[in-house]
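Asker: Please build the complete structure, drawing on both the sequences and the hints.
Chains as they are written, first to last, in our numbering: chain A, 13 to 434; chain B, 13 to 434.
Please keep in mind that the hints were generated in silico from the structure rather than gathered at the bench. These figures come from a predicted structure and were not determined experimentally. Wrong hints could be hidden among the right ones.
Identical copies go unnamed one by one, so any copy, or any two together, can satisfy a pair.
[What the hints assert, rightly or not] Below, a list of computed lysine to aspartate or glutamate pairs in the DMTMM-like style, where the Cα atoms sit at most 20 Å apart:
id : residue 1 : residue 2
1  : K240      : E212
2  : K128      : E400
3  : K235      : E212
4  : K235      : E21
5  : K32       : D348
6  : K32       : D344
7  : K32       : D345
8  : K224      : E324
There are 2 protein chains.
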Amino acid sequence: MQNSLLVSEYMNQIGASARKASPVIARASTEAKNLALSAMAKAIISNQDALFAANQEDIRLAQEKGMDAAFIDRLTLTHKTLTLMAEGLTQIAALPDPVGEVSNLSERPSGIKVGKMRVPLGVIGMIYEARPNVTADAAGLCLKAGNAVILRGGSESLRSNRAILECVHQGLIAAHLPTDIVQLIETPDRDAVRLMIQDETHLDVIIPRGGKSLIERISLEAKVPVIKHLDGICHVYVDESADVDRAVIIADNAKTQRYAPCNTMETLLVHRSIAEKVLPPLCSIYEQKGVEMRGCPRSRAIFPSMKEATEEDWRTEYSAPIVSIKIVDSFDDALDHIHTYGSHHTDAIVTENDTLAQRFLREVDSSSVMVNASTRFADGFEYGLGAEIGISTNKLHARGPVGLEGLTTQKWIVLGSGQIRV
Amino acid sequence: MQNSLLVSEYMNQIGASARKASPVIARASTEAKNLALSAMAKAIISNQDALFAANQEDIRLAQEKGMDAAFIDRLTLTHKTLTLMAEGLTQIAALPDPVGEVSNLSERPSGIKVGKMRVPLGVIGMIYEARPNVTADAAGLCLKAGNAVILRGGSESLRSNRAILECVHQGLIAAHLPTDIVQLIETPDRDAVRLMIQDETHLDVIIPRGGKSLIERISLEAKVPVIKHLDGICHVYVDESADVDRAVIIADNAKTQRYAPCNTMETLLVHRSIAEKVLPPLCSIYEQKGVEMRGCPRSRAIFPSMKEATEEDWRTEYSAPIVSIKIVDSFDDALDHIHTYGSHHTDAIVTENDTLAQRFLREVDSSSVMVNASTRFADGFEYGLGAEIGISTNKLHARGPVGLEGLTTQKWIVLGSGQIRV
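Answerer: Now the structure itself:
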């Protein structure tokens, strides 16, 4: 009781400080923000001994707790990751400032001029796992977009995050900005997250990064809007009109370039009239790369070494060297499959038929739809956003890769000269 | 038990039918949609006897239930309201179709072309009070933006809504579109609303229209994202640099042009150095128009017949001929007041100082910010949206007046020629 009272006071104070700092960063000049970002980058490099020492302590405690090698790997800061963090901040400084941009200003019959101005969201809550590099990335992106941010990283990375925050604060101080613009939740109390995601008074949006179960739990409990990223069950559909070589190259890359990302293809759909040309060379590549294939009966008739796919396979994000393969009778059957089993993340068609390409672009209801390109391109850097704070599977506000613009909103502005409504 | 099972089956069936109809209307041509809208307008005029008969029955039952005159007034269909409904549909037909518009298509270093395509939201749930005209407006706007819609109007308007739906369906049939694109919830069971706002499988967004308590209750229980409209505590700030005549004209219009709308000014803020010039003529107008004034001590010293304002007044949306008046010491004090007491809806400054105008536009965090114009302009028609389905006080997605564009979202499109990620 005592403790939960303390946590709620602590969280309320953090929220209030962020809300108070938010107008200051919202109206900060581009120059001040860029100066802060550059100074943060410098501080990370010049404080690397302190960063490594803090990180070593986190690693030691995580090892004592018996965390696995992959966990320790994500937690560990190296010279390379520190350099990348600093470079990331420098790159964010170089990106155009989205704040204050006015668009579509036009005069109405009443004589008023009406347009839209891009403005910060306000206060952002970032929740992420024990990956200290996210601390610098998220702080930099939120700041450049004119927002205050409250960070809650995995508790195993607390010492590293605190050391990085110290560098972030040095940057803010160098630019004469209040340090409350970037705050870190230091209590390991799990109630802190619940309090944060329900604090509509002080926060405008929550961005969680992590596994699906974490994000589902947050979405369920949150009162503050959540920019969430759930499944990536991505498809490549090879139409009968496809160029066979292109189809093989794209379906290979979409599956095997990396297995873990959310934009990796999980299910390959092939039109029956081209399956005998596409599947033999493609499946040989998969086999050679050690990708387990699970196919429909007709696919297995063409490439018998694949296993039988179950209904469950079509609904599964493997994030592993496994692919499900299905032969369909038509373009419409492919759309039906994507519509039924897909997760509205990223889907691609391989075709030389322009009409079908246009139909696919228009009718597939996913955050990214592609023609003759690998699904692996669904990424903030590849899209030219310069950086990405996450990929959204929401339909409203930000959809797909979220960069600086996704951390802002637009308000209406009206310029008059004494007009009144009659 | 039996009943709630039936309701959940009924709602599930409506949701599933809407989801099934949604891709059909999403890919419908502009011509088909406009044909449907025109045919709906014609059906409303040619079926007016049936509409009046249904409406008379609703009115009779509402009177029996003892509903008040204002309620009956909103419920009543007249020749004029029917004509306006039909004209509204014809105007929606004339608006540009937002669906399919591609923007910012540009080539990336990898060779892919990346852009955004505007697409429908999917399935929209509209919840509104016993105002039958909303049935036609909402159906028309959702349809033009390529969405399926589930309507839930106040139960006292059920017969009228059913008769209007019949006309809407005649329009859909004339354009060879499935009637499930527009469905009406016919059960008076209140569980129906709860089931609808939690049905994430079948609905993409909920738009409630009605009083604040209704909208707060829906927001609290909803799992589907809600485009909501809460308070409108709007301010006009008269700066020391204001033109006195303009200030008086704008502050008069912002309060008295109509008292009920959400964009009506509730609190007038006046810089101390101009108060003695602005308040006497303005307050005389208010007095003459029967507007009750509640002021701070300094305002009352200038115009003694006003009452004393309490702390509560600064937080109140009167929606009535009452205005609160406060003298402030500076531009920053005005911003502080708006920041502390405002509802982020619509706020205006009267000033001849360009620097302050720019600061006001940038720093006031409201969905509409205005310079030298009446807050009453915050409206879809006045902004040139052609029509408005509501005004959003959300920060994410749609902010301020919501027209056709607010009923759509954007997805990423990628056009390649065999590119893969390396």
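Asker: With reference to the structure, classify each hint as holding or not holding.
Answerer: Hint by hint, here is what the structure shows:
Within a single copy, K240 and E212 get their C-alpha atoms as close as 17 Å, and across copies as close as 14 Å, so both meet the 20 Å cut-off. Taking the closest pair of Cα atoms, K128 and E400 come within 20 Å of each other only across two copies (17 Å); inside a single copy the shortest separation is 24 Å, beyond that limit. Within a single copy, K235 and E212 get their C-alpha atoms as close as 6 Å, and across copies as close as 16 Å, so both meet the 20 Å cut-off. Taking identical chains as interchangeable, the C-alpha atoms of K235 and E21 lie at most 20 Å apart only when both belong to the same chain, with a minimum of 19 Å there against 28 Å between chains.
In the homo-oligomer, the alpha carbons of K32 and D348 lie at most 20 Å apart only across protomers (11 Å), although the nearest pairing inside one protomer, at 50 Å, exceeds that limit. Taking the shortest alpha-carbon separations for K32 and D344, only the inter-copy value of 14 Å comes in at or below 20 Å, while the best intra-copy value is 53 Å. When the C-alpha separation of K32 and D345 is checked against a cutoff of 20 Å, the pair qualifies only between copies, where the shortest distance is 15 Å, while the shortest distance within a copy is 54 Å. For a Cα distance limit of 20 Å, the shortest separation of K224 from E324 inside one copy, 18 Å, qualifies, whereas the shortest one across copies, 44 Å, does not.
Of the numbered hints given earlier, the model fails none.
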